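Visitor: Sequence:
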Amino acid sequence: MFYQLGSSAVFGKKFEYLMKVFNELARAIFGGLFDLLESGFYVRV
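Residue numbers (the numbering used here): 899 to 943.
These aren't lab readings, by the way, just hints derived from the structure by calculation. Some hints could be false.
To be verified - Pair ranges (Cβ atoms, derived):
(1) Leu935 x Glu914: 27 to 33 Å
(2) Gly938 x Val908: 42 to 48 Å
(3) Ala926 x Ser906: 44 to 50 Å
Bear in mind the structure is a predicted one, so any value in this text is a computation, not a measurement. Glycine is no exception: its CB is placed at the ideal position from the N, C-alpha and C atoms.
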């Protein structure tokens, strides 16, 4: 997709950083969801 090596290298670094941030967010979100599930969601259902 990227025809400039320089910009694709920069994009790779940014993409790596974004993936790291996304992983942290996903871990926090899913961690919170599982905490909710364990702490009484099943009781309500």
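Visitor: Now, for every hint given, state plainly whether the structure supports it.
Guide: Tested hints:
1. Leu935 x Glu914: 27 to 33 Å: Given about 31 Å between the Cβ atoms, the range holds.
2. Gly938 x Val908: 42 to 48 Å: 47 Å, holds
3. Ala926 x Ser906: 44 to 50 Å: Roughly 30 Å apart at Cβ, these two residues miss the hinted range, so it is violated.
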